[in-house]
Amino acid sequence: MEAEASPFESSELVASLLASTPLLSESWRLCSVANAAAPLGFVSERIGDVGYFAFSACSIQMITEESEYYSTCRNLVPLDSAGAGDGDRPFSVLTKSSNSSINGEEDEGAVMVHAGLLNLFLFLRSSQAFKDQMSALINGSKSIVITGHSIGGTTASLCALWLLCYLQSVSSTLSVLCITFGSPLLGNESLSRAILRERWGGNFCHVVSKYDIMPRLLFAPLESCTRQLHFLLQYWQMSMLASSPGNFGQYFPVLQLGEEEKAHLFSFISHHNLLVSSVAQAEAREEKANILYWPFGNYMFCSQEGAICLENAASVIEMMHLMFMTGNPSCCIDDHLKYGHYVGKISSQFLNKKSFLQGEVIPESSYEAGVALALQSSGISKQEPAARPAEDCLKKASGMRHMRTPSLNAANLAIRLSKVVPYRAQIEWYMASCDKSDEQLGYYDSFKQRGSSKRDHKVNMNRLLLAGFWNDVLRMLENNELPHDFHKRSKWVNTSQFYKLLVEPLDIAEYYRSGMHRTKGHYLKHGRERRFEIFDRWWRERKVGPEENTSMRSKFAGLTQDSCFWAKVEEATEWLAHVRSESDARKLALLWENINNFERYATRLVDCKEVSKDVLAKNSSYSKWVEDLRELKSQMQQIHPQFPRFRDGELFP
Amino acid sequence: MDSETLGKKIGISEELIKKSYTLSLENQVSNELFHVDKSSSDAVFIVFPGSWTVKEWFSGDQAFGETKINSKDWSKKAFPSMRSIGNDDVAIVNQAFLERFELVLKDSKDSKDSKFLEEVTLAMNGNKPIIFTGHSSGGAVAVLATIWFLEKYSKSNTGTAKCVTFGSPLVGDYIVSHALKREKWSKYFIHFVMRYDIVPRILLAPLSSIQQELEHVLHYFTANGHHYPLESIAPDFYTNVMRNTSALASHAACKLMGNTNLLLETLTNFTKLSPYRPFGTYIFCTGNGKLVHLDNPEAVLQLLFFSCQLSHENEMEATARSCINAHLDYKTELLGRSLEENVVYVDRLEELPLASDGSALDDLGLSTRGRLCLRAAGELEKQKQRNRQQIDRKKAEMEEGMKGLEEYKTFNAQKVGYYDAFKKQNEKRDFDANVRRLVLAGIWDEIIEMLKRYDLPDEFEGDDSWINLGTEFRRLVEPLDIANYYRHAKNEDTGAYMTKGRPRRYRYPQRWLEKKEGRERDTCGESCFWAEVEELLKLASNGGKVDEARAKELQEGVAKWIKDGVAGKDVLLGDSTFLKLWEELGRLKLQQECIGALMTNFTQLSIS
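As you go down the protein sequences, you meet chains Z and V in turn. Residues 1 to 653 (the working numbering) are what the first sequence spells out, left to right. Residues 1 to 608 (the working numbering) are what the second sequence spells out, left to right.
Bound-form chain V, shown alone (with noise of 0.2 Å):
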């Protein structure tokens, strides 16, 4: 057992979860869109109260009410981060829940500010933080304030925050969590879930399978204890959640243990799979007082699943039963005992013992099999820090590959510039310099076809060292492979280089860095200007109309570059396809500004 606090362990006291659940279980049912609550000297609590009718679930028509987050102006703005930067494929969140939190980001009393926004500064300004929190789908619009606040401030470092939820449904997609996971924000939610609660499992089943159960359950949650003919629909409800959940586990773990088997591909033509996924910290409650602490977004999935599952099936109706009556009942798990000696942390999934051994994994039910497929979580995000430790190690290599090709520029540099030279291929040296590219190329494809399938650790993407290489390379290397484009007139082929050629190893680190540095999208192409010197002047060559536009464009971006020593000054050299393109120019030449100065000082230079 870890000898560190929980506190320590998790970044937030017992003494404020206590609170938080206080606080979420007196909001549970309330018509306020959220409660502030200033009693404690720690931390300022902005509770969200839940909201029970199937239409506050699933709202859209997708079956899973599954939207992208972007699909509207102001949440496109508000969670720029969440999407992978190279693959950019952009988060899927509950739709129904996104609209309960714009809700709530636009309310205000006299269209002034609004009241969220005035409390959420409030609390900053007396350098408390924020504990955002929750009961049920209160902790789904928790989990959003929370990503909108990290995305907002956390920059600025002004404030910070913690996401505290009870029972909550599953929000987001796997992007979410890896986006969060890449933001190094993941460790600001801390997710309580009843071993046998339904609720984080629901929108693991579409709604078409448990629209009707699903409406009677949530006035059961309200009805506050009244008798309720739960009797009726528990079995179903029960029944057709798990089988939903026991399809995605399945499918996740196959996957997990990579396993080939084309069926898997053909079934999910065949039923559609949820998109949720859990992320950030999990606490299981066994419902004996033990708390179980994960935060492998993966072995999480298999839990949700594992944990609910028969030992008997006998024990069907009491089951069913048992798990829509644990939404209710976190106050016996929270309040009465203490959290801090009771919490169990499991890690080092892949060694996890496969018998039952005592532990609180025993009293969350889990079998063999279940021990099993946490094992395989375990394993899979271990391959992933593997994977990288493999190419960390290929650095080297890398860093040897680029200063040849350095060195390579800089012979270059006083006659023809690597560009040309290297289009030529009329040298020895050309077609070493080919095979450095391809050698680089190869050892870079590879990772861009890691990261497309996740296999890299969540983090990848957001480390400078990599964003830094990413760059260097681009730079360097990515004239060469526009001249080798050009060279073999590959745009007659499939197309300017830009739209249909451009390698994803170049596109990747250019948004890598665009995201670092907090650019738009499309803002540093300063490595593949010679695609566009290369387009312009096959237009130019033609007799075509050469738009004036992108001919200054290019002009200010060369110079700017130059002057920024991104770009090098071999790109003015007498025979360079630039200088040709300087020719065919005529009338557009920007004489008297940036690179027209430039152009003369460089021609002065070179003849003194």
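Bound-form chain Z, shown alone (with noise of 0.2 Å):
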């Protein structure tokens, strides 16, 4: 194998490049703004081309007592019961994809967050200002930068995701970035894993200050401690108002919580935090789920010695923990409110040399030296405790995806990619012998009738070997092991769109021949992978020209356009068999509408010539049931004369 280009540390680096941008400052700035006075719970505002809409951070109080906000806060409900009804499913695109996974393994559950937050934010969302200030801002910016602070950052999180589930609806370019300050947690695992899937981990950035608690409470089973929560979130939003230059002055009556409930407060949460990281670390999946809430996206971390972004969820977490064991019970509540500071120091850090401190010694591998400076910037000293783990943390955050470059990892593929080839090769061989044969039955029911041959196992074997190979191609793109436009390079989109034409109709087959559509349901619905789904998506997505060829096919395809004809085939198979059998008549109507509508489509295919020559092979599970439905038709004429005449493929009322 080649050697490997030295690793790097790099998650202080992409703090520095967005320190060095105005998107920091000019967020918080809006938050501020925000939070001392939104009579609607938002402000927005454009500058260049950027649009900001920032949420405050006391708009809980709409809809409901802050406290219950919080007694109900291991109160998770499933993303997808959010909506108006009628069709309205606002997060559908995230939701629909946690159903099934690739790999075969199970499902991971549904997408759930916090009630009170998805609550706030449906009810935010429903005001006839949110439409107008977001939809002037769609139109009228060239990105979006949604941001909010404290509780202000989940409804942003929320806003931001409806709002790239909307755009990719749309297939709109339109980007997203969402900043928040001191958020708390919003969702499960699930939304975690769901995100990454999107790829859209890059489009949040989750300001974190080493200590502060708030978004470290959801780990803590918070039921026992709702007084205290009770005045910590009016303290907060006290001081807030009062630091406001508009109520600069003024008096608010401001309700501690004593030292010693602090001091409660901080080892509880702290405690509990501990504990989340270490089953976070664990390889365990059944105990994850115990776990309620989990990071998403990235999260910059700062102190006062600097900032660094980390991605990976479980770093995430256990860097929450380690740098919230250095603070005390006090910083820990304080250090909410001084994102103003943070931002502040870090935006003009990057004038300052970043070196080690006088005496350290310094590695000499750049990846252990560069590890040292993140742990500086994370405001960790060598000293502490926290140092090793961090130092260790850090470590696993990058060294997990990170050992080797993505672009290697993409070229390394292209090289199994020329390996697995002549499998397909072989299946395209399969599929011209079919055609040649005496029987006459195309490839699709060649495959599903096929015998214990050695040619028949062999394509077999090859239809796996390259299922293997795509879902290893998939798992390495959602762990961010690839480079970030892989899906959109051509080769890549084209290599699996053509694999997809070839080989889906044999999955169709192995699916109907082992009778799996008797135990789980039909494959359209229940049996297909997601890898195929997915190669859809990157196909719909490619790039094209802008003439596309609409003139029409001398010839058949070489492969069929609808690589899931076949599954619709079997479909229609079965509405024909029971129509011979159903005898409640609403039924029966229904099957015949089915029947009818696959009809149109599937003469439609062969009319354009869009099916390759082996749907119609003399007995293939198609002509077949063509030939069925003509009969069929024919009975029907002779039983029911008032049954509307079949004649060449049409029916006449």
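Please note that the accuracy of each hint is not assured.
[Unchecked claim] Label-pair restraints from in silico Cβ distances:
1. V:E427 to Z:N471: 31 to 39 Å
2. V:D432 to Z:K618: 25 to 33 Å
3. Z:E368 to V:D464: 37 to 45 Å
4. V:D432 to Z:Q449: 26 to 34 Å
5. Z:L465 to V:P353: 44 to 52 Å
6. V:E427 to Z:D438: 34 to 42 Å
[Said to hold, decoys possible] In silico BS3-like pairs for lysine-lysine, Cα to Cα no more than 27 Å straight-line:
7. V:K500 to Z:K555
8. V:K8 to Z:K609
9. V:K8 to V:K290
10. Z:K488 to V:K272
11. V:K272 to Z:K345
To be clear, the hints were calculated from the coordinates, so they are not data collected in a lab. We treat Cβ as the ideally placed atom computed from N, Cα and C, and that holds for glycine.
Combine the two chains into a complex, taking the hints into account.
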């Protein structure tokens, strides 16, 4: 194997890039405006090409008592329960993909979010002002930042998720970035996975200060301390209001927690963060399921010394814990109000040199040195007990995925692809030989009825090897082991499409051959592997030239252009069988409607020559189906003369 | 330390460098567009004075004053090499500097040849090398003049040129750097930069962020030491330029280090980063007499940022001021002392010590973070070389595969021709050929992917051995791809092969050959005549009208290629697709001409 370039640690550089842009300071400025006075719960503004939309931290009482918000914090609801009914499924893009997973793993469970926060967002979204301002921003900007401090941050996350779903559904290229400051957690691990799958992790940046207790609260079961939380939330809100220029000097009754209570709360949260952290590092799935809340997207941890960006959820949890434990009961409460200070600090830090402290030993390896610098930026000094685990945590965060560079991974994948290409060629060869065979079954039915010959066995092996290859590709993509634009590279889009068109019919054949449809239901709804759906999307979203060729085909396509064609044939065959035995008139009408729909669809496909010629082989399932239908209709004709007459494939009333 | 002399290492003697600087200084402010000095017996100097208004630095409506180098007719002709070949990305340069150079090039007294052209010709006739030089924006024009000269004369080998700049702003983007390396011209450019000089960093900031201050700063430069209230603007100017430099340098460093965080992509949609990049050799002056020599452009970019950072917040005011003053301060660094003795060559960047080591890099104020970024730049270059070795090692496998296909071609040469045999896919042999084709395609696709991402050394597309292998591959295998395409009627899924279906693995090598032989675009399409045959045949057999000119061009082309031995005679075999077209073409046959004669000959040969 090729000697690999020595790896580098760059989590700190991502943070300095972000800090060198005006994004953080502009976002924070607008957040303070929203916190101080936002009767609607949000404010928006445009700066150049960038639209900013900030949610207030103080809008939770618009729909509920704050204490209720925390007493119900363990109450998560499925994200797809959201919506105003009547087909309003604002998050359908996100919730759909969690239903099936690659590698045939078990269902991971529904995407769940905090019930109160979801309600808050849906409430805000329903107002006319929201719709007006949001659509003004969407139409007037090239990119949109959605931001919020504290609880406003979670609302911002939900809003960004909603916007990403919406933009995907209308194929818009508008960019969205969600920047939150000290935001509580929002949802479960499935949410985090779903966001990774959509490759939206890079659209979220949660700024979390070293000691802030707020982002860590939901790791703990808070039912037992609702009273303290009530005080805490009030204290924060009053402070936010008091610190705004408009209210400066005004007196607000600030209720403080007693020292003892603070200490209790600190150790309580600290303890639970540790628990969650240790479970999150474990491999065991079942245990993870017990953790209700899970971070997603990037976390930008900031301290007095600098900032680092982490995106691996398990590392984020651990880093939260390690930084928190270096704090104390009172700074963990006040830090929640100090984001203005942190933002100012990291926005000017880029001017200063970043070196080792005097007298520190500088490691010789680039990687170790980078880790040590990142540790320094996270504000944990070498002497502290948290230093060693924090260093390990940073290494895990980068090492887990970047032991090899993504481009090299892609290059190696290309080599592996060239090794599996012959398998594909053999399947093509098989397809051609079925076309020539005297049985005239076509390759779908040949494969479905295959015997135990060496050739049949080989084709099936090839099918499985290819599936394994493509599942690996998708797994690497989801784990961010491949370049960010991988799924847009034409080589991979084209190859995956070709693979899909050629091999999915065999997968369908295998599904029905082994009778899976009887236990699991039909292929289309219950059996289709996720990879094919992903490849569908890649193909849909590929860049196509302005003029798509629309002229008619002169001969049948090399491969049937709808790779699910055979699955539809199978369902139609079942309908046809049922028609003969069905006696319920309503059900019968429904069956006929389905049959007629399919017939129209298939006839159009065949007429446009969008199918490969094996579809029309004399003994193929499709040919048989057409024959069956014709027979059935003529029988019906004899029995019930009033039955619509059938002529030349058309129905006459 | 290197025992090589400065002259050997950078190809220009200390004396000429000093002379360049003296002349640049003398012509810093001048009404002339350029000045010629012939007082030296070793070289002719063409000196460009600086220009000192904002609109002479930023013109046009782009954020960074950039424009494509081929945006005007004259510049399209003058800079044909300033692009990447396969990807066909065109270089971006500063529009204002390009316009300034246009004035130079077209300046003429009495509607004769331009004065500039005359001087250049004169110098070449005198067999003296030309040194293009200038300070500040004059240096930027000198860069364009040098590229222009190399484009025009380097092939004919009649003259040599050097470009020596002092405190020059950046001129072009990554593609300029890439193209100069590919053409092996990079070594002709030597840029001197004072550690704190802000000017080489100015173009890393969008005009909108610095407009006001820039006007004052440029004015200050020409005020020649007169008192000017710098205090009020220097800190803002410094901070804004450095903020943008920091964003660009951290983004570049993340890429160098292979970071895949998707946040990086998101951020580039929110803030526009400057397109400009360094190229050529940089010599940084530390300010205490030492000189640091670097020729890795990525490392230079990092150094531009890291050498200007603060050690402490309270240095801000002083640093901001010295950043502006340094631009006028080259004299003490360059004239007063020996350059030879003080220059330090920084190479093997990937092994750079991380701790301060008492070397000249310390004098540039390089932090540990900065040293890590330089290491990453060195590592990337090394990785590119490794990628290159990796595909070089595949050559054997490729030749093996091509040999197999060559045999396949020969086998079919007497029967139906390998194009049609492959298209029919009747035999196991045809299947094997297909697997060979796919394996070769896989290797080539991988090379093309690397080129698309610029993951191979810049020189790759100028390497003769690869251009030849690419041409051979294209001529032998592309017909099979076309056969496969039309066999599966993919033209009806996606469109004609040439417009919709032609893979990059054939487009790229064709462009390489065209570039190498200095030919026009799309003139080396011999490997895809089968696609044209298929398209015409489809037209003809659908009863459509076949364009006469198209038919003629094809037939003449085929005739020429057969004669040149580029295409095989099997094209003319009895059952071939070409013959089918031949029959369909009817009256369009060019019986009397080229191909007609060949055809008759061929038929007679096969009968006898």
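Evaluation of the provided hints:
For the pair V:E427 and Z:N471, the supplied restraint of 31 to 39 Å holds, since their beta-carbon distance comes to about 35 Å. Between V:D432 and Z:K618 the beta carbons are some 31 Å apart, a value that agrees with the proposed interval 25 to 33 Å. Range check, Z:E368 to V:D464: Cβ separation about 43 Å, and the 37 to 45 Å hint holds. Separated by about 29 Å at the C-beta atoms, V:D432 and Z:Q449 satisfy the suggested range of 26 to 34 Å.
Between Z:L465 and V:P353 the beta carbon distance is about 49 Å. The supplied range of 44 to 52 Å therefore holds. The hint said 34 to 42 Å for the Cβ distance between V:E427 and Z:D438, and at roughly 20 Å that hint is violated. Of the supplied pair hints, the one linking V:K500 and Z:K555 holds, its CA atoms being roughly 19 Å apart against a limit of 27 Å. For a cut-off of 27 Å, the pair hint linking V:K8 to Z:K609 is broken: about 69 Å separates their Cα positions.
Straight-line distance between C-alpha atoms of V:K8 and V:K290 comes to about 19 Å, which keeps the hinted pair within the 27 Å bound. Taking the CA atoms of Z:K488 and V:K272, the gap is near 22 Å; set against the 27 Å cutoff, the hint holds. Distance restraint check for V:K272 and Z:K345: the Cα-Cα separation of roughly 23 Å lies within the 27 Å cut-off, and the hinted pair is therefore satisfied.
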